[in-house]
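This is what each chain is made of:
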Amino acid sequence: MSDVLGTSTTEQNNNVVFDRIGMTFQTDAGATQAVANVSGTIPDGKFVSVIGPSGCGKSTLLDMVGGILKPTQGSVSIDGELVTGPRRDTAMVFQEDSTLHWRSVLDNVAFGLEIQGVSKVDRNDRARRMIDLVGLRGFEDHRPGQLSGGMKQRVAIARALAVEPRVLLMDEPFGALDQQTRQFIGRELLRIWERTQNRVLFITHDIQEAVYLSDEVWVMSARPSIVKEIVNIDLPRPRPEGTHALPRFRELEEHLWNLVKVEAEKTLGPGALLA
Amino acid sequence: MSTDVTILAVPKNSDRSGGKKSSALIDNVWRAVVLVAVFLIWGFLSAISDLVSSPVASFLALAEAFADGSIYRHLWSTLNAVVIGFLIAAVVGFPLGYYIGRSKFLGAVFDPIVAGAFATPRVIFFPILLQIFGVGVGAQAAMAALAAVFPIMVSTAAGVRAINPLLPKLARSLSLNPLQTVTKIYIPAMAPSLMVGIRIGFSIAFINVIIAEFFAARAGLGLLALRAYGQLDLPMMYGLITLLTLIALVGNLVLWAIEGHLRKTT
Ligand SMILES: Nc1ncnc2c1ncn2[C@@H]1O[C@H](COP(=O)(O)OP(=O)(O)OP(=O)(O)O)[C@@H](O)[C@H]1O
Ligand SMILES: [Mg+2]
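Protein sequence lines correspond, in order, to chains A and B.
Just so we're aligned, residue 1 is where the first sequence starts under the numbering used here, counting upward by one.
Just so we're aligned, residue 1001 is where the second sequence starts under the numbering used here, counting upward by one.
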């Protein structure tokens, strides 16, 4: 799967392909190699999650796919085209609050469409549907400052979904949500994704969430990071609520946990996770 | 005065959604009360002191200057200098502050320079400006521009630095063009600090024009006030003080209106 060079171009055409991508930051304090060498493919219509220890370069990887950070080594291509900058058909949800606090919720969600030149009637219509989808009906006219952290994050998710991206890049989008909302929005995300069949690159540190949502989970090593293992999530879809209780789910979860533990101990020191 | 408080307050968009009318009414009642109190104290002081003229005499002196038309030349000269000076400061200060705030390099170079210049009383340069521009509106306007440009730069740079770093990232990811990035992200995100820059810039331009007119001027409200002081024309002096306060108030009300408009449309 990670052997990019061997695959034919036709096969790559609807894929997101990482070709030995790496990123080294130059700062006053010296050089930090965040991402060492990541290769992999997100096939058309697949949902891929990335897990790995804090600071291993997950957000950096996402920024490179989103075209807002230029890799210092290797390249990413989407549908056969090299990523050289941001693309219209990708949308990002950032790890922290990125709402525009001077705009109403409705205008925030419609922002991407506004930039794409969609007419006001159409974009408000689409934005309203997305607002319903993320459970914010009734808050259309509120400002982000009047919302909780989790609600703000849902605004950002709705904004990304509203442009109906072909590639959706999400950086711990549910980090600020409580467990119930998290699962609810996760199921909604799956429903939308099953309908649109886009590619999703989803960063999380919640292993259960990764297993529940994904077709594949990429486990990243400690920094400088590589993809240490790609775990295929062979659970049937659609995945109803009881999926978490399946024996196979438990197996996958445990396997991932063991992989992550090794990497986290490299970052934090041995025994760090015993407490 | 009661307006001083609101001048410094950064606008919040989340305040008091309920009971807006009744609280605005109460605010206005209190403003009227404070205003009446000011005039009562003024009247009382004029009764017990030779250094203060009564409110009535002051207004009459001012009204006479308007009636015989002698004040317009001075009023026009002062307003001209303030507006031109402020506009120059804005045209120079906002972009410079923006770039100093955004660029690490420019920030490192200019921060200490700007901070030093910010603390220097700029009126010290007025004699030099007089040499360059001669006595007249040009020198007063240059004085105002020189004084106002630094606070505008400082607050703009601070505003740029305070921007949520994810917003430029968002702008990039949504492929905003440079114009959209400035108008749809930077300006609204920085609106509170831009307004602070405008307010402080305007008032500093105003102050410096009046001070400069004290030094050397062909016309201006400062010159007029200085003459009134010299002739011990107390009613005219206090009339001019009232006029200057009114100008400051009107200027701030205009800024207020702009602010409200900005909040609604962005
Ligand atoms: N702009 C930058 N300049 C310099 N170093 C950076 C920059 N951005 C990230 N880094 C460094 O790169 C490494 C990876 O950062 P990144 O944010 O990608 O980690 P992450 O895996 O997303 O972590 P977390 O799970 O905590 O969000 C870190 O060591 C970080 O210090
Ligand atoms: Mg991160």
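Hints are computed from structural coordinates only; laboratory data are not their basis.
Quick reminder that beta carbons are idealized off the backbone N, C-alpha and C, glycines included.
Hints should not be assumed to be uniformly reliable.
[What the hints assert, rightly or not] Below, simulated DMTMM-like cross-link-like pairs (lysine to aspartate or glutamate); rule was C-alpha separation at most 25 Å, straight line:
id: 1; chain 1: B; residue 1: LYS1104; chain 2: A; residue 2: ASP89
id: 2; chain 1: B; residue 1: LYS1169; chain 2: A; residue 2: ASP107
id: 3; chain 1: B; residue 1: LYS1169; chain 2: A; residue 2: ASP97
id: 4; chain 1: B; residue 1: LYS1104; chain 2: A; residue 2: ASP97
id: 5; chain 1: B; residue 1: LYS1169; chain 2: A; residue 2: GLU254
id: 6; chain 1: B; residue 1: LYS1104; chain 2: A; residue 2: GLU96
id: 7; chain 1: A; residue 1: LYS266; chain 2: A; residue 2: GLU253
id: 8; chain 1: B; residue 1: LYS1169; chain 2: A; residue 2: GLU172
id: 9; chain 1: B; residue 1: LYS1104; chain 2: A; residue 2: GLU253
id: 10; chain 1: B; residue 1: LYS1104; chain 2: A; residue 2: ASP107
id: 11; chain 1: B; residue 1: LYS1169; chain 2: A; residue 2: ASP19
id: 12; chain 1: B; residue 1: LYS1104; chain 2: A; residue 2: GLU81
id: 13; chain 1: B; residue 1: LYS1169; chain 2: A; residue 2: GLU253
id: 14; chain 1: B; residue 1: LYS1104; chain 2: A; residue 2: GLU114
id: 15; chain 1: B; residue 1: LYS1169; chain 2: A; residue 2: GLU241
[Stated by the list, open to error] Pair ranges (Cβ atoms, derived):
id: 16; chain 1: A; residue 1: LYS228; chain 2: B; residue 2: VAL1182; range: 52 to 62 Å
id: 17; chain 1: A; residue 1: LEU82; chain 2: B; residue 2: PRO1165; range: 25 to 35 Å
id: 18; chain 1: A; residue 1: ALA29; chain 2: B; residue 2: THR1245; range: 31 to 41 Å
> For the pair supplied as a hint, B:LYS1104 and A:GLU96, is the alpha-carbon distance within the 25 Å limit?
Replying inline: OK: B:LYS1104 and A:GLU96 at ~23 Å, within 25 Å.
>> Holds or violated: B:LYS1169 and A:GLU254, Cα atoms, limit 25 Å.
In response: 36 Å, violated
> Between B:LYS1169 and A:ASP19, is the straight-line Cα distance small enough, at 25 Å or below?
Replying inline: 24 Å, holds
> Given the proposed pairing of B:LYS1104 with A:GLU114, does the C-alpha separation stay at or below 25 Å?
Replying inline: The given pair, whose Cα atoms are some 31 Å apart, is violated under the 25 Å limit.
> Are B:LYS1169 and A:ASP97 close enough, with their CA atoms no more than 25 Å apart?
Replying inline: 12 Å, holds
> Is the hinted pair B:LYS1104 and A:GLU81 satisfied, with a Cα-Cα distance of at most 25 Å?
Replying inline: Given that 25 Å is the threshold and the Cα spacing comes to 33 Å, the pair is violated.
>> Run the distance test for B:LYS1169 versus A:GLU172: straight-line Cα separation, threshold 25 Å.
In response: 16 Å, holds
>> Check the hint pairing B:LYS1169 with A:ASP107 against an upper bound of 25 Å on the C-alpha distance.
In response: 18 Å, holds
>> Hint check: B:LYS1169 vs A:GLU241, CA-CA at most 25 Å. Holds or violated?
In response: 35 Å, violated
>> Check the hint pairing B:LYS1169 with A:GLU253 against an upper bound of 25 Å on the C-alpha distance.
In response: Not OK: B:LYS1169 and A:GLU253 at ~33 Å, beyond 25 Å, violated.
> Hey, B:LYS1104 versus A:ASP89, does the alpha-carbon distance stay inside 25 Å?
Replying inline: Cα-Cα ~32 Å, so violated.
>> If I claimed the Cβ atoms of A:LYS228 and B:VAL1182 lie 52 to 62 Å apart, would that claim hold in this structure?
In response: Once the Cβ atoms are compared, 43 Å apart, the range 52 to 62 Å for B:VAL1182 and A:LYS228 is violated.
Checked against the numbered hints listed earlier, the structure breaks hints 1, 5, 9, 10, 12, 13, 14, 15, 16 and 18; every other hint is satisfied.
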